[in-house]
Structure formats: structure tokens, C-alpha cells
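Chain L is already provided as a structure; the job is to place chain P with the ligands on it using the hints.
Each chain is listed here by its residues.
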Amino acid sequence: MSDQDSVISCHNLWKVFGPGRMPDLGPATTAEELRASGHIAAVRNVSLSIKRGEMLVVMGLSGSGKSTLVRCFARLLDATSGAVMVEGRDIGAMTEPELIDLRRRKMGMVFQSFGLLPHRTALENVAFPLEMRGQDRNSRIARATEMLSLVGLKGREGYFPHELSGGQQQRVGIARSLAVEPDIWFLDEPFSALDPLIRREMQDEFLRLKAMVAKTIVFITHDFDEAIRLADRIAIMKDGAVEQCDTPERIVMAPATEYVAKFTSAIDRARVVRAGALARPARGQSVEGGALPAQATLHEIARQVVSDPRPHLPVTAADGGLLGLMDRAEALDIILGPAA
Amino acid sequence: MTVVSLHAAPAAFDQRRTAQALLLLAALLTVGRNVLPDQLARLPEAMVIPFAHWINAVFAFLRDDLGLMSLTRAFSDMVEFCLDVTANLLYGKARWPRVGPIPWVVIAATAATVGHALGGRRLAVLAGGTFVWIALMGQWQWAMETLSVIVVAAPFSVLLGLALGTLAWRFRAAERVLNPLLNIAQSLPHFAYMIPVVVFIGVGPKAGAIVTIIFSVPPMIRLTLLGLRSVPPEIIESGKMSGATRWQLMTRVRLPAARTELLIGVNQVIMQSLAMVVLASFIGMPGLGQKLLQLLQALKIGLSFEIGLTIVLLAILLDRMSKAWAYRQPVHHAQGAAWVRRHPHLVVWLGLTAVGFALAALHPFFAEIERKQALSLAGPIDAGVDALLTVIAPVAEWLRWFLITWVLIPLRDAFLWLPTTAVLVFVAAIGWRVGGRRSALVCLGFVLPIALSGWWDRAMITVYMVTVSVVLALLIGVPLGLVAAARPQRAARMLLLCDTMQTFPSFIYLIPVIMLFGVNDVAVIAAVVVFATVPILRYTIEGLRGVPPELVEAAEMSGASRGQMLRHVKLPLAVPTLLVGANQSIMFSLFMVIIAAFIGTQDLGQEMQRALSSADVGKGLVLGFAVAFIGLLADHVLLTWSRGRVALLSSRAT
Ligand SMILES: Nc1ncnc2c1ncn2[C@@H]1O[C@H](COP(=O)(O)OP(=O)(O)OP(=O)(O)O)[C@@H](O)[C@H]1O
Ligand SMILES: [Mg+2]
Numbered sequence: 001m002s003d004q005d006s007v008i009s010c011h012n013l014w015k016v017f018g019p020g021r022m023p024d025l026g027p028a029t030t031a032e033e034l035r036a037s038g039h040i041a042a043v044r045n046v047s048l049s050i051k052r053g054e055m056l057v058v059m060g061l062s063g064s065g066k067s068t069l070v071r072c073f074a075r076l077l078d079a080t081s082g083a084v085m086v087e088g089r090d091i092g093a094m095t096e097p098e099l100i101d102l103r104r105r106k107m108g109m110v111f112q113s114f115g116l117l118p119h120r121t122a123l124e125n126v127a128f129p130l131e132m133r134g135q136d137r138n139s140r141i142a143r144a145t146e147m148l149s150l151v152g153l154k155g156r157e158g159y160f161p162h163e164l165s166g167g168q169q170q171r172v173g174i175a176r177s178l179a180v181e182p183d184i185w186f187l188d189e190p191f192s193a194l195d196p197l198i199r200r201e202m203q204d205e206f207l208r209l210k211a212m213v214a215k216t217i218v219f220i221t222h223d224f225d226e227a228i229r230l231a232d233r234i235a236i237m238k239d240g241a242v243e244q245c246d247t248p249e250r251i252v253m254a255p256a257t258e259y260v261a262k263f264t265s266a267i268d269r270a271r272v273v274r275a276g277a278l279a280r281p282a283r284g285q286s287v288e289g290g291a292l293p294a295q296a297t298l299h300e301i302a303r304q305v306v307s308d309p310r311p312h313l314p315v316t317a318a319d320g321g322l323l324g325l326m327d328r329a330e331a332l333d334i335i336l337g338p339a340a
Numbered sequence: 341m342t343v344v345s346l347h348a349a350p351a352a353f354d355q356r357r358t359a360q361a362l363l364l365l366a367a368l369l370t371v372g373r374n375v376l377p378d379q380l381a382r383l384p385e386a387m388v389i390p391f392a393h394w395i396n397a398v399f400a401f402l403r404d405d406l407g408l409m410s411l412t413r414a415f416s417d418m419v420e421f422c423l424d425v426t427a428n429l430l431y432g433k434a435r436w437p438r439v440g441p442i443p444w445v446v447i448a449a450t451a452a453t454v455g456h457a458l459g460g461r462r463l464a465v466l467a468g469g470t471f472v473w474i475a476l477m478g479q480w481q482w483a484m485e486t487l488s489v490i491v492v493a494a495p496f497s498v499l500l501g502l503a504l505g506t507l508a509w510r511f512r513a514a515e516r517v518l519n520p521l522l523n524i525a526q527s528l529p530h531f532a533y534m535i536p537v538v539v540f541i542g543v544g545p546k547a548g549a550i551v552t553i554i555f556s557v558p559p560m561i562r563l564t565l566l567g568l569r570s571v572p573p574e575i576i577e578s579g580k581m582s583g584a585t586r587w588q589l590m591t592r593v594r595l596p597a598a599r600t601e602l603l604i605g606v607n608q609v610i611m612q613s614l615a616m617v618v619l620a621s622f623i624g625m626p627g628l629g630q631k632l633l634q635l636l637q638a639l640k641i642g643l644s645f646e647i648g649l650t651i652v653l654l655a656i657l658l659d660r661m662s663k664a665w666a667y668r669q670p671v672h673h674a675q676g677a678a679w680v681r682r683h684p685h686l687v688v689w690l691g692l693t694a695v696g697f698a699l700a701a702l703h704p705f706f707a708e709i710e711r712k713q714a715l716s717l718a719g720p721i722d723a724g725v726d727a728l729l730t731v732i733a734p735v736a737e738w739l740r741w742f743l744i745t746w747v748l749i750p751l752r753d754a755f756l757w758l759p760t761t762a763v764l765v766f767v768a769a770i771g772w773r774v775g776g777r778r779s780a781l782v783c784l785g786f787v788l789p790i791a792l793s794g795w796w797d798r799a800m801i802t803v804y805m806v807t808v809s810v811v812l813a814l815l816i817g818v819p820l821g822l823v824a825a826a827r828p829q830r831a832a833r834m835l836l837l838c839d840t841m842q843t844f845p846s847f848i849y850l851i852p853v854i855m856l857f858g859v860n861d862v863a864v865i866a867a868v869v870v871f872a873t874v875p876i877l878r879y880t881i882e883g884l885r886g887v888p889p890e891l892v893e894a895a896e897m898s899g900a901s902r903g904q905m906l907r908h909v910k911l912p913l914a915v916p917t918l919l920v921g922a923n924q925s926i927m928f929s930l931f932m933v934i935i936a937a938f939i940g941t942q943d944l945g946q947e948m949q950r951a952l953s954s955a956d957v958g959k960g961l962v963l964g965f966a967v968a969f970i971g972l973l974a975d976h977v978l979l980t981w982s983r984g985r986v987a988l989l990s991s992r993a994t
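Quick mapping for you: the protein sequence lines, in order, are chains L and P.
The working numbering applies: residue 1 is where the first sequence begins, and numbers increase by one.
The working numbering applies: residue 341 is where the second sequence begins, and numbers increase by one.
Keep in mind the hints are simulated off the structure, nothing from the lab.
Since the structure is predicted, the reported quantities are computational estimates derived from the model, not experimental observations.
Just to be clear, a hint being listed does not mean it is correct.
If you want the footprint, here are the derived chain L segments under chain P, 3+ residues with CB under 8 Å [unchecked claim]:
no., segment
1, 64-76
2, 90-103
3, 145-154
4, 160-171
Label pairs and their calculated CB-CB ranges [as the list claims (entries may be wrong)]:
no., chain 1, residue 1, chain 2, residue 2, range
5, L, Asp136, P, Ser990, 35 to 43 Å
6, P, Ala678, L, Asp5, 16 to 24 Å
7, P, Leu702, L, Asn138, 42 to 50 Å
8, P, Leu702, L, Asp136, 46 to 54 Å
9, L, Asp204, P, His672, 28 to 36 Å
10, L, Ala142, P, Leu702, 49 to 57 Å
11, P, His672, L, Ala142, 13 to 21 Å
12, L, Glu201, P, Leu499, 42 to 50 Å
13, L, Ser62, P, Val680, 49 to 57 Å
14, P, Phe511, L, Ser139, 33 to 41 Å
15, L, Glu163, P, Asp417, 43 to 51 Å
16, P, Thr585, L, Arg208, 30 to 38 Å
Note that beta-carbon positions come from the ideal geometry of N, C-alpha and C, so glycine has one too.
If we strip away everything but chain L, and leave its shape as in the complex, we get:
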């Protein structure tokens, strides 16, 4: 992938916290070396590239540097070493007015602990970014009201953050980040405080939004189901480094490191793997009877796979043409777990 079509990219990005002078950083620097000098490497030698309209989900244990990475993307933190390019420009080299302009027009962010302004009502919080860029009062109130009803907070416009529940506050944060219609959207555990029902609703809404307007999204979550539902690619972080950045299927089927394998071991593969991934070229074998859609997960077509006695099942691509054949035994292994 070239840098031209990537919206955000970073090369050998480091973010090191700690006192005094920063140590010299190279690809070989280890976390232990840094710790010895009293430094913490929150982001370690990360190189990533995110395409326009792509959604990257960042996962990892608590403290693995997810929030820090996103903060570097938005230049809320200055990178210790390495560069972050946003739409082809080095964000670290931008002047303050340029940065402010970029954030006003292009970026939105949902914060892990909401970051709502305590002295403003929900409506005023959502309208805040619009106010900052000098939009007139009536239009910003209209827009903020619309955003609040989008996240299901109609009727709570006048409430202050301390009068709202955690989940409601989180939704105010989401509405605020959407108010400026950002092209680039950072979401730091945006659904963590929501109950399962609303969470599901918000995810659906989220997918709908994503389909409607091509936003480039970096999404942090601890929830694998959520990641699989939403992600184009998943990046798994450990101790500040990205262990693997790939499609959900490849993360599960072809883990790059042992850590990733362990991290994903508890996942129901059937929910991740799509029929297309198992299709092998037909090589002239004859196929008749019902075919399976390539983009369906095995979980969705489990009933058919189990009840169809043929050893090889045809898989059709989105355009209706034959993609290949799926080995039924292999599919059953994934759906039911390997035979004992």
C-alpha cells in the first residue's frame, strides 16, 4: 500500500514516558533497557498505515499503549521518535494554527473517560466543537440537538454531565465527536460503559454511519465480538508494540506470534472465518446443488454445513460466480472444534 491512499500512517513511532533526557531509541531497544533508566515505553516502534475509509481496531491488554498510540495520531502527545503522517503531512511538524484547523475540520475523538466539560449541559458539550470554530448559535444548537437524538438522548439536552449515567455521558461524548462530521474518527473504548442492548444498537448505528460516509476510523476496544463485527483490520498490541495487524480472519487463522495465538485462543472461530476464506479453487471438480455465500461467517451458515452431506461445498462470490470449493470437514472442525 502506498502512502498516497493512506490517511494515517506512522513509521517507527515511539512514545516514551519518563524523567529527564530520552534515551536513544533504535529498533532493537527493549522495554527492559528503558525501564532500567526509569522510562516507560508506552508505544514501541510502531509502523502502521490506515487507508481512507478503513476501520482499524486496536486491541490489547490494559496498559499496552492503545490510548497512547491514538493520542500520538491526534498529536495530543508528541511522539518521542518517529513520525505520524496525516493525509500525507507530518502532523508533528504542523504549526499550532494548522493543527487547530485540522482538528476543527477533520478530526473527532471519543475519550475513554468521556472528557465532558462539567459546567456545560449535554447540548452545550456537543455544540462545543462547533462553537470553537465559530459557527453561529442557531445552527450549532440545531446540529447538536440532531446529534443527541442520533445517540438516543433526546430530551436530555439540558442535563449536566453529573446528572447523566456513565453510559449517557459516553453517548454525549460520541455525539460531540460526530458534531463536526469528521473524516478521521478516533474512538477510545467508546461503548465500554453501555449496556449490551444499547451497545448493540450503537454498533449497528455505527456500521450504518460507516457505510454512509467514508470515515477513516481508529477504534479501541477490549471486546473481541465488537472488534470482529466492526473491524476491517485488527492491530494487537503488547507492551507498546504492535504484534500483528491484519484482517480478523488472518489474526485468528494465522497468528503471527504466540502471544496473538494466546490472545485469540478463546474466540469462537466460526464467528470470524468467512466461507470465502476456506474456498479452494475447484480445479474442474463438478459442483451442483446449493452454494454458500463467500461473505457469510461459518457461524451463519453452520446449519447448512452440518446438514449438507457432500464432502466439498461450493462457495459463490458476491457477483454470483463460483469462487471455489470448501472442504466440509475443515469447516466442521472450525464450527464444532477439532475432533478429539
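Chain P with the ligands only, in chain L's frame:
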């Protein structure tokens, strides 16, 4: 932690050995006072450094050569203009805008409405009641003179504090310069502020307002810094991501998010202003303070009691109101609520004001209550006090005699007899004991200038009075705190009482003691003791309450009796907190001893009053710094000690 304590052990041992050696030296110097050369007992005259001359020279230079005079004049003119406006509105001074005085019923109604808006019915009653009381007792004019200054001084202080606090927050260098200055400023006695102001501005309400402004700025600076620092980072980041410029970030994110701390700062400013305005009577500031001073000097107990009550009521009212404001959380209104619904207090206030003006127009009683119409409790109070005094006179008389002849005079003579060098060595020993060589040097750095300033004997008298008072305060406060802390409810009630008493201007404490003991050293000590007991009581309770319950339970399970529990578990753990209380107590005592000087003491305070009346800046500031250094010395020793204890406790716990 164990590693740390292993390393710390030899150091602590050395520290103790050096301290003991120094103590021995101090003891030898004391014992051998009569055989040792005089130079060791008192530093020779030749060594006295003319600090006062230098300061006077600097001030003369500032005044005459730097054009500072015109700057201060511009500032004081601005303050004076504001003062004239409030004076006209509140008590009808013949100045622009010439619409006042506002009838007292309107002011009382305004206060009650504001009270209700901030703190509900109880605060409304307190606010309205206070002003009705002031009006009915015929103190309106004085109270308004006092308030008119606070109303002007407090906003100036707040703005100044905000500006300086923001500067310190923005620039590390500014903070590094301001911090020690604030430490000194907050331990300088009130009079030290008055003298330069008298030199630059003169006497009267304008000088009173300006000294009040300067005096009440430090806490606002501190709390601005604290508030700006404590805004959660995510809030700031969300502001940045919204595309806020630096200015927008400051005005719309940081400052509003630091609202509570800033308003606590406002509360402190108001309380400091009240304390200072009352004391500014010494530089010709009219109002409640001046009246109180005159009445006390004339020993009119009943009348001064009435004024004292007013000051206390105002203190409680201003404190409660500003705190309620600080802690108030915004509340939403039902959607589409009518304007009247959204602003109920404004509507009520408009109504009450209209009624008030109407009443005032109908009958002058509602506009202004003249002195002869006023009620007075002075007669009955005087009679009551007289009756009380005849009953307790023999006891009080005996107590006074006993204290003066057997405690105070011998102690004072002992303090004065101590050789200067012995005191210096002793202080170094204490410093070394609590914090090694560095602390010893810091402590000497505070005492040596006093010795070199030529005011040693006066300083020793101040130290003696403070020592006696704080020891008595400890003897009273700690047991009282133990009793109070035994029950949670009792503790809460006692803490509330302490909080309330701490809001009173120090001057107030002089009324009852003068009533009981007359005008002498015992009265001063008694006032200081009462004033100094409050923080000790408070920190004893808080220290005991802060003991972790699991430790208490563990001790209970080990079968500790109540006495054992107190001695071995609770008190040792409460000591660091108690030391903080003792530190505050010493500060309070110092201030009070200096203030009480007008009753007749022979310490630094008396000299300060002389410097004040002769407008001698150099002398006044030297004396002020001497007092501040005594306070800072105690502060350094006690806080270092307290920190050491905390470290010790936590290293043992692991
Ligand atoms: N301002 C800071 N100063 C020092 N260390 C920091 C700072 N911010 C983060 N860290 C450290 O960097 C590491 C990564 O933190 P980060 O907040 O990025 O983790 P995270 O992956 O977002 O965790 P979580 O899932 O709990 O949100 C942690 O070890 C943290 O202690
Ligand atoms: Mg995080």
C-alpha cells in the same frame, strides 16, 4: 521499603548523635552563661546589621526615583473610585452615583434571596437575619462601611490572584519565584502589610482597602495554581480535539473546569478580607473594627459584645455563602420551562426589592434605623457580665496572680536569660535531629537574621508567649480531641464548631478574655490559647479519625484495652496529623500575639505598633520578617518531622 530503611538506619543514627552533641553544647552554654564572655550571651552591638536602614533606603528609592508613587497612586485612585461607589450605595456617602443609601430592608431581602439561591432556607434565614440584626442594633452604618471595603477589595484580590496564579501555572520560573514569596507572605503578621501601605497611601478607607487586597491575594494564587493543575487531562484533551485555541482552552475549558478550586479561593479571599478589614482599624479604617477597638479600649463590654456578635455573624454568613457557591452543582431545568420558572430567585428578588423600596418610601424606619431607635443588649449584657465577674472574680483574680507571678514572669525571665548562642545551637540541634544538616542550616538561616537584627529580646518575649500558649493549647486541645473523637457524631459536631470558629477574625477572641481578665498579659495569653486550641482540637480529631479501621480491629483482636489502643495504636498513627495541627496552632498564636499587642505586651508586636504609628517601614518590615521567620522555623521543623514520621510509619507497615 526494607531496603530504604536499612540504608536510612545509619544516617538516622548519625543524625541523632550530632543532634545530641549540639544539644549538649547548648546546655553547656546555658549553664555557663555567667562565666562565659558576654559576647556569647548577647551578640555585641557592633554585629547588628542595619536591615531597617537598608529597607528604608530601598523604599525611599522606590518612592522617589522609580516613579512607583505614580503607579501606586493610579491603582489607589481606581480603588478609591470603586470604594466611593459602594460607599454611596451602601451608606449614602455623598459621591457619584448619588443614589444611595439603599434602604436596609432591600439589602436584607437581597441577602436572604442570595442565601436561598445558594444554600436553601437555612442560609436564607441566616442571611436575612444577620442584616435585620445589624439594622435593629443600630450598627448599619459601621457594618456597611466594613462591607463596602470587602465588596471592592475581594474582587480586586480575586482578579490579581487569578492573574498571578495563571502566570505561575504557565511559567515554571514564575512559580519558582512566587512560591517562597507566598510562604513568607502567608507568615507575615497583618501589621507588616499595613506599614508600607501607610507609607505609600496614607491612612483611611483607601489604605484599608489596599492592605486588604494585598493581604488576601496569596490564597487565591495558590488555589488558582492548584485548580488549573487538577483539571482532568481528558477534559483538556477533549477541548484540544474540539479545536480550541489556547485562549479558548483557558477561558472555556480550564478555568470553568477548575471552578470549585477557584471558588474555594474566593471563599478564602473573602474570609481574609474580613479579618484584615477589621484589623485595618489600626490604620484608620472606619467600620465595625474601629468601633470594636474603641469600645474594647474603653472596656465597654456589652457594646463590644454586640459588635463582636455582628462580626461573627457576618463571618459565618460570608463563609457559608461562598462555600455553598463553590460546591454548588448546576441543575437542569425542565425543557421549555418559562423564563419565570428558570429564574425563580431573580423574580422573587425583584418583587422583594420593589416591596422594600415601597416600604422605605412609606416610612423612614424601613430606610434607615437611627441610633436612638435601635435596640441594644448592652445593658443586660453588662449587668450579666458584672454579676458573673463578682462570682468568679476571686478565682479569676487568683488565677491571674498565680499565672503572672509563678508562671509567666519566671518563664519570661528564663527565656530572656538564655544566651543567644545557646539558642542558636539549640535550634541547629533540633534542625539536625529532624532533617540532618540541610534542616539545621535552614533553621539557622531563620534564626540568625533575628539575632543580627537587634530585636533579640523582643523576639524572645514573643517566642515565650507563643510557647506558653501552644503548650496550654496542646494540654487543652489534645484531651478534648480525644474525648470528641470517641464518638463519630460528637466528632462531626466538634469539627463543625472548629470550622466555624476558624472563620472568626482573630480580633473577636479578645472580647471575652478582656471581659474576664482585664487588660494584661494573662488576657493576651488566654486569647491566644483559645485561638490556638482550635486547630489542635481539629487535627487531633482528624488524626484519630484517619486511623485505618482495620488496624483498630487488628488491635482489638489482639486484646488491646482502650487505653492500650490509644497509646499504642491510635496516638502514634495520629502524630503526623497532630504535628500539622501544632504547626497551624503556632502560626495562629504568632499572629494573635502580635495583634494583641495593643492590649499591652512588650514583644515584637508592641514595636510593630510603634513602627506603624511612626510609619517606619524599615523597622516594621524587619519586625515583620522576624515574626515570619519564627513561624517559618516552626513550620519547617514540624513539617519535616511530620513527614519523617509518615515515612517511618509506612516503612514499618511494609
Ligand atoms: N502521561 C503518562 N505518563 C507516564 N506514563 C504514562 C502516561 N500515560 C500513559 N502512561 C503509561 O503508558 C502505558 C500505556 O498506557 P495507555 O493508557 O496507552 O494504555 P491502554 O492500552 O490505553 O490501557 P487501557 O486499556 O487500560 O486504557 C501504561 O503503562 C501507562 O502507565
Ligand atoms: Mg486506554
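Is the gap between the beta carbons of P:Ala678 and L:Asp5 within 16 to 24 Å? violated (56 Å)
A range of 42 to 50 Å was offered for this pair. Does it hold for the Cβ distance of L:Glu201 and P:Leu499? holds (49 Å)
Verdict for L:Asp136, P:Ser990 (Cβ pair) under range 35 to 43 Å: For L:Asp136 and P:Ser990 the Cβ distance comes to about 57 Å; the hint is violated.
Tell me whether the statement that chain P covers the segment 145-154 of chain L is true, taking a Cβ distance below 8 Å and needing three residues at minimum. Coverage by chain P is violated for the segment 145-154 of chain L (0 residues, Cβ < 8 Å).
Could you check the hint for me, namely that L:Ser62 and P:Val680 are 49 to 57 Å apart, CB to CB? Cβ of L:Ser62 to Cβ of P:Val680: about 51 Å, so the range 49 to 57 Å holds.
Regarding P:His672 and L:Ala142, is the given constraint of 13 to 21 Å on their beta-carbon distance met? Given range 13 to 21 Å: holds, Cβ gap about 20 Å.
Quick check: the segment 90-103 of chain L, covered by chain P? Criterion 3+ residues, Cβ under 8 Å. holds (count 4)
Against the range 43 to 51 Å, how does the distance between the Cβ atoms of L:Glu163 and P:Asp417 compare: consistent or not? holds (47 Å)
Consistency of beta-carbon spacing, P:Leu702 to L:Ala142, with hint 49 to 57 Å: holds (52 Å)
Honestly, do P:Thr585 and L:Arg208 meet the 30 to 38 Å range at C-beta? Since P:Thr585 and L:Arg208 have Cβ atoms about 34 Å apart, the given range 30 to 38 Å holds.
Are there at least three residues in the segment 64-76 of chain L whose beta carbon sits under 8 Å from a beta carbon of chain P? With 3 residues close enough to chain P, the hint holds.
Taking the Cβ atom of P:Leu702 and the Cβ atom of L:Asp136, is their distance within the range 46 to 54 Å? For L:Asp136 against P:Leu702, whose Cβ atoms are near 50 Å apart, the range 46 to 54 Å holds.
Checked against the numbered hints above, the structure violates hints 3, 5, 6; every other hint is satisfied.
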